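> Go ahead and model the full structure; you've got the sequences and the hints to work with.
2 protein chains.
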Amino acid sequence: MARHTYLTMKTPAEAREQWFSRIAELGMDTGEEAVPLAVALHRVLSRPVEALRSSPAFHGAAMDGIAVKAEDTFTASARRPLRLEIGRNAFWINTGHPLPEGCNAVVMVEHVNVEEGGAAVVIEKAAFPWQHVRKLGEDMVATEIILPPGVEIGPYELGALAAGGVTRPMVFRKPEVAIIPSGSEIVELEKAKEEDLRAGRALPEFNSIIFSAMIEEAGGHAHTCPIVPDEPELIREAIRSAVESGADLVVMNAGSSAGSHDYTADIIAGMGELLVHGIAVMPGKPTALGIVEAAGRKVPVIGTPGYPVSAIVAMEEFVLPLLARWLKRDVRRRESLSVVPCNPIPSRPGMEERVRVKLGLVDDTFFAVPLPRGAGTVTSLSRADAVIPVARDLEGLDAGKPVPAVLLRSRKEIEGALLAVGSHDNTLDLIDSMLRRTHPGFRLTSAHVGSLGGLLALRRGQCHLAGSHLLDEESGIYNRSAMREHLKGMPALLVQLVEREQGLMVLPGNPKNIVSFEDLCREDVRFINRQRGSGTRVLLDYELKKRGLSAVRVQGYRDEEYTHMNVAAAVLSGRADAGLGVRSAASALGLDFVSAGVEEYDLVIPCRYAEDARVQALLEVIRSEAFRSSVQAMGGYGTARTGEVIWEYDGK
Amino acid sequence: MARHTYLTMKTPAEAREQWFSRIAELGMDTGEEAVPLAVALHRVLSRPVEALRSSPAFHGAAMDGIAVKAEDTFTASARRPLRLEIGRNAFWINTGHPLPEGCNAVVMVEHVNVEEGGAAVVIEKAAFPWQHVRKLGEDMVATEIILPPGVEIGPYELGALAAGGVTRPMVFRKPEVAIIPSGSEIVELEKAKEEDLRAGRALPEFNSIIFSAMIEEAGGHAHTCPIVPDEPELIREAIRSAVESGADLVVMNAGSSAGSHDYTADIIAGMGELLVHGIAVMPGKPTALGIVEAAGRKVPVIGTPGYPVSAIVAMEEFVLPLLARWLKRDVRRRESLSVVPCNPIPSRPGMEERVRVKLGLVDDTFFAVPLPRGAGTVTSLSRADAVIPVARDLEGLDAGKPVPAVLLRSRKEIEGALLAVGSHDNTLDLIDSMLRRTHPGFRLTSAHVGSLGGLLALRRGQCHLAGSHLLDEESGIYNRSAMREHLKGMPALLVQLVEREQGLMVLPGNPKNIVSFEDLCREDVRFINRQRGSGTRVLLDYELKKRGLSAVRVQGYRDEEYTHMNVAAAVLSGRADAGLGVRSAASALGLDFVSAGVEEYDLVIPCRYAEDARVQALLEVIRSEAFRSSVQAMGGYGTARTGEVIWEYDGK
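For the protein sequence lines, the chains are A and B, in the order given. Numbering-wise, the first sequence is residues 1 to 652 according to this note's numbering. Numbering-wise, the second sequence is residues 1 to 652 according to this note's numbering.
In case anyone wonders, no lab produced these hints; they're calculated from the structure. Each hint should be verified, as a subset may be incorrect.
[Stated by the list, open to error] As a list, the in silico SDA-like pairs of lysine to any residue whose alpha-carbon atoms are at most 25 Å apart:
(1) A:Lys191 - B:Ala38
(2) A:Lys546 - A:Glu474
(3) A:Lys125 - A:Val109
(4) A:Lys191 - B:Phe58
(5) B:Lys191 - A:Val39
(6) B:Lys285 - A:Glu474
(7) A:Lys191 - B:Asn94
(8) B:Lys193 - A:Phe58
(9) B:Lys69 - B:Met108
(10) B:Lys69 - A:Ser573
(11) B:Lys191 - A:Thr167
(12) B:Lys69 - A:Gly574
(13) A:Lys285 - B:Trp92
(14) A:Lys412 - B:Glu335
(15) A:Lys412 - B:Asn94
(16) A:Lys285 - A:Val403
(17) A:Lys412 - B:Leu507
(18) A:Lys69 - B:Leu507
(19) A:Lys285 - B:Gly154
(20) A:Lys512 - B:Phe58
(21) B:Lys652 - B:Gly476
(22) A:Lys512 - B:Val331
(23) B:Lys191 - A:Leu52
Bear in mind that the values here come from a model prediction, so they are computed numbers and not experimental data.
Encoded structure:
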């Protein structure tokens, strides 16, 4: 099995510097062009703009009234009113119209008395020269610089250009970016067949959609080429053709790693210069940077990784800064904020890391909950509020110590979020959706660490509320004893969210005939468990203990997932034969469900947040009829006491 | 002359509330639609999005290596290496490919020793179940909510939608906005003839260009109808036709005031309901809001003022919030900042005012310099950094007292600006343009209040530097004595910017044969002066005094302009026969120029800013060869000592 090796790995900044220097050396620049105003919005002016005409172009009335020569009116006063003849020394005029020859002032219509018949008017006050006149050039005088270079054209700038008669301003040309998706299993997203995807025979191509949007946002123009299979000659041909068609930059997707079918780096080396292969950043490591030559043109090229999150990092580290450089503007700066990680964040020394996190402003601190770090987990970006960069020389970040984070959303949006840490339930997503609709600006951000983890996070003041369903084995009552144990000194409300049915999820038709907890100990049954500290794990242990069954007899007891849905997915895929979870997760994936009874799923809300506007909004949502009926439609839920404060914990 | 009257004037907030309530009562809403991902960027999701498929859709390799059943490897160790047969219990696999049936782990290629011939491999460490496997549903499980409603689709969200197989998400429909420009003198911008514009026979139409851009930025879709003359029946017909074509909102431009040719309010009343006419806001007063009915549809309508700045205020107060409401999102929030006005800002009680200002961060304070307040001055918006709203019950704002301002640019951009207050010279615009190009992030903001005003602003700590050319009548030396008088205790550098030729600007061919200052006292000569405190006014007074001429004999001595270019424009338009100013302004407008000698134009820079990076950058620019040659090309300038520190004032 032939494998390639990376060049010495550089940091993103070093790699960028090397690529950019070479691009500058070769004099690659996208130049400028003139564009009509109708399509000039958000383009960047490439040179100072001079007014081609003065605005206004004449002395005009700034008010409705009569135009006069001021000197004619100097004798007018209340005691000696002055009579003026219309058409001789007074002229009716509307706002915006040019002053008649010889006039240099306007008397407002409100100060004009019209004689019967209308042939003359009387005024009682002198006009001073240029009174109520918009003078020629008041806004701009021809030849004046009205806009400096480097300005992005917005609505106001369009107005200034138009007023100055500049109908085709010079702007930096949009860089043309060719995106070449490659891979023998890759199929167009719209053509992907479900059965091929499930069997892994086909992978849907959608990085090009993400790339195109990023390029358009950065002021470039993206063109996606047809998918190329993993064949070096075809890949070379695709690059050649993109360069011939005028691309200013070629973005290859996938094939930039060091595997046996990864040809990008070699191809770049063969068609020009391979400057960088392998970057000391996670995700994003398998990136290649270089220059290719075809059809007599030299063009920069980047090989981006196949996993979407890695690919996006490569775009953000290299492609967007290159476009900004060509367009002579700053890379869109994102706000930075000091945040406190809720958990330690380990990191590989020698690699910069980019950790996606959710944020919540609790009291005065922005707490960060890390999202899954897999390079394929695109929802870790769509769900993220911020990215924490971890420096190359660190082995990770400590929990509780402030670090800078780069915001992906506005600070205001983040401040409107309630941070729930704790047990996972699908109704939390429903609350978030309804909250956003009924209370724009507010939302619910939830992190799934299990019920116990939620109470501990509350204890540490790292979240606003926690979802919990911790059964007390002695009393059979939910949450109260756990709250007494873990939240001492923190008075809190226990608000029932739902009652929900827990049970064993099995394949449709229940082929292994799993009908009881006893069956989980069978040799032919493989179980998929939830993580320690989750209410469902507590429930399993309780049910096993009650029946005198030992956990060591359950195959797969140590195989853990973090959500009901992932347990359901594990069963559906055949990875396990059974898992314990809520009915709604089973129904969602069409699994059979062996009920094990109903449990209480509550929200724990410290009293000090009870009056918070966001908490009030959340309570309003869960007490609404719309919420109840949506929950009932999910199946497996009871809503008899939904929204009720079922216990007030006094902190003792 | 028939005139209309305004309805009782409401504040913008009251008027908006009334219009919106009626729109809500009538159930006007633009609804939702499904769009392909290729055009979904920046659209807003109208409902929660559930994943249609799991991602990944199968258990796949997360590393290159061999796929194995973990249980088969449990005995492997360095002491007891394990041999596996390719094709039987070990299978070569590349990252992203599906695990073969029965496998549940991957051993990285780096940890695999291949036997000669390649039929078998040896490993020295056990694999644990699901090691290096990207499990089915790791990113998302089918039916899970992957995106909540109200989210604007960005690149990351496109990735999440695509991964979930959602190729046509439901989004709020773009509101269709019909813009109807009206006015009998109005002509299309591209068709405007220079001679018609100069004679005031034609006014170029460009508000529709500004409006379209604002609507597109706010997520709507704008359509501009042909220009309609001021004839009620034609205007009614244009509205009818826009409503029939499916407009969700009609924006009329001009004709919404109370003049004799202003029909908009009456037409709205006749076609439906006129809810508001006249708003207590400056600029923006002549705005009308209502509902029109045509072709069986009721549609909201707004009549906007003709002056661009008023029209923009009407758009920002009413149209953009309506679009935001239809798209269920916040109006783009602009950052607010506490600023200190350099000058008092008078305001009309009973009217809210929107005062455009330039800002400069001097020491730790953002100082605000008001821009011209004319409703037709569109450059007052393109040049503005912020808008200060003045409340209805105030008579104005005091100089020196902090007030909130709404930023039009990023705080970072504003922080990069050097604020120059003082005398006006065209080379300041050139410095700004060059500074932006050579030092992205830096710029020069200049406010023109005359040389003396600049020194006083420096004295008060309200700017970073001042352009000055104050002649000492006794010594004939520039700036030094004025600095000693006004900057006592503030050591400063006097840096020569240019030498420049001052003289009398006259019409081409000098028809009145004005060749000396004596000629300014002739009865047939009308002068245009500069404002008090300007260096040019000082120069005039010096020259008159030297010759024993009295200012009262100069006709137009009290007629003042604030810049050389405006003086030149006054001469060109025939408003005056002569004005004193720099040669470059005369050349720019093709005027003749009677030289009165060369003066020194300097920059006064307090020593405490001398090491500021922005000041250093400015000095670099003015000391560059590129700057000198550009200045020389403007004519009338000498650059022999440009950039030289010609005097260090010790503050005594």
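> All the hints need checking, so say for each whether the structure fits it.
Here is what the structure says about each hint:
no.: 1; hint: A:Lys191 - B:Ala38; result: holds (15 Å)
no.: 2; hint: A:Lys546 - A:Glu474; result: holds (11 Å)
no.: 3; hint: A:Lys125 - A:Val109; result: holds (13 Å)
no.: 4; hint: A:Lys191 - B:Phe58; result: holds (18 Å)
no.: 5; hint: B:Lys191 - A:Val39; result: holds (18 Å)
no.: 6; hint: B:Lys285 - A:Glu474; result: violated (73 Å)
no.: 7; hint: A:Lys191 - B:Asn94; result: holds (24 Å)
no.: 8; hint: B:Lys193 - A:Phe58; result: holds (14 Å)
no.: 9; hint: B:Lys69 - B:Met108; result: holds (14 Å)
no.: 10; hint: B:Lys69 - A:Ser573; result: holds (16 Å)
no.: 11; hint: B:Lys191 - A:Thr167; result: holds (11 Å)
no.: 12; hint: B:Lys69 - A:Gly574; result: holds (14 Å)
no.: 13; hint: A:Lys285 - B:Trp92; result: holds (23 Å)
no.: 14; hint: A:Lys412 - B:Glu335; result: holds (11 Å)
no.: 15; hint: A:Lys412 - B:Asn94; result: violated (44 Å)
no.: 16; hint: A:Lys285 - A:Val403; result: holds (23 Å)
no.: 17; hint: A:Lys412 - B:Leu507; result: violated (58 Å)
no.: 18; hint: A:Lys69 - B:Leu507; result: holds (22 Å)
no.: 19; hint: A:Lys285 - B:Gly154; result: holds (24 Å)
no.: 20; hint: A:Lys512 - B:Phe58; result: holds (22 Å)
no.: 21; hint: B:Lys652 - B:Gly476; result: holds (21 Å)
no.: 22; hint: A:Lys512 - B:Val331; result: violated (57 Å)
no.: 23; hint: B:Lys191 - A:Leu52; result: holds (15 Å)
When each numbered hint is compared with the structure, violations occur for hints 6, 15, 17, 22.
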